[in-house]
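Chemist: Each chain, letter by letter, is given below.
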Amino acid sequence: TQLLEQSPQFLSIQEGENLTVYCNSSSVFSSLQWYRQEPGEGPVLLVTVVTGGEVKKLKRLTFQFGDARKDSSLHITAAQPGDTGLYLCAGATSNTGKLIFGQGTTLQVKP
Amino acid sequence: NAGVMQNPRHLVRRRGQEARLRCSPMKGHSHVYWYRQLPEEGLKFMVYLQKENIIDESGMPKERFSAEFPKEGPSILRIQQVVRGDSAAYFCASSPTMGQVKNIQYFGAGTRLSVL
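These protein sequence lines are chains A and B, in that order. Everything in the first sequence is counted per my numbering, starting at 1 for the first residue and increasing by one. Everything in the second sequence is counted per my numbering, starting at 112 for the first residue and increasing by one.
Quick caveat, the hints were computed from the structure, so don't treat them as lab data. Glycine residues also receive a C-beta, built at the ideal position from the N, C-alpha and C atoms. Check before you lean on any hint, since a few could be wrong.
Said to hold, decoys possible - Pulled a few chain A residues facing chain B out of the computed Cβ check, cut under 7 Å:
hint: 1; residue: S7
hint: 2; residue: P8
hint: 3; residue: Y22
hint: 4; residue: R36
hint: 5; residue: E38
hint: 6; residue: G42
hint: 7; residue: T96
hint: 8; residue: G97
hint: 9; residue: Q103
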């Protein structure tokens, strides 16, 4: 059974602080996607990483895929209250369409 | 360009009734996935369908749950004789491609099922 361990589960920080969310597995994924989900809504795709060691930046968000394609991280610089939400990582395998989701990280950024 | 459309957004059923959840994929997408999100838990894969075919139903409960994606019309997730434990948010996602490394799925807003 493929599992994705996401940490931390909850994070409450002050505006302007930096943070990192981790996603780890013993399995290799062909790609890994990060989503953000607001209460009452569906997950919204932030980024997809495909190549081992790949780094992608989206404004203040930096995503990294591990060299072995088993882990990923999301780093937010100078967090803002608008970053508050649930962040989900999801791994895809090449032989099936299904995504394996992590448990999610609930981020609260206080003004 | 309309996104993935799910309806209804909220559905209330009494124990023993049937629930039907609908999903229209994004235009040009022929692959549909259903996921379930229980309170305080992550999303769990249920089933993957292409037009008129079930490709992977490894996450579907063996009884009471079924899914279809007909040639015409939306994909339907059907839950018969609902029980309180079926209360959850059900999400549909669609993608344009399969069999490639980059499998990007776009999600609908979900249907929140409450069983009384």
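Chemist: Take the hints in turn and mark each one as holding or not.
Modeler: Do the hints match the structure? See the list:
Hint on S7/A is violated. Least Cβ distance to chain B is approximately 13 Å, over the 7 Å limit. The beta carbon of P8/A comes no nearer than 14 Å to any beta carbon in chain B, farther than 7 Å, and the hint placing it at the interface is violated. Checking Y22/A against chain B: minimum C-beta separation of about 15 Å lies over 7 Å; hint violated. Violation of the interface hint for R36/A is found here, the shortest Cβ-Cβ separation to chain B being roughly 11 Å, above the 7 Å cut-off.
A cut of 7 Å between beta carbons decides the hint on E38/A: the least distance to chain B is about 10 Å, and the hint is violated. Nearest Cβ of chain B to the Cβ of G42/A: about 4 Å, under the 7 Å cut. The hint holds. The interface hint given for T96/A is met, as the beta carbon of that residue sits about 6 Å from the closest beta carbon of chain B, less than 7 Å. At a threshold of 7 Å, the smallest CB-CB gap from G97/A to chain B is about 5 Å, leaving the interface hint in force.
A cut of 7 Å between beta carbons decides the hint on Q103/A: the least distance to chain B is about 5 Å, and the hint holds.
Going down the numbered hints, you'll see the structure goes against 1, 2, 3, 4, 5, while the others check out.
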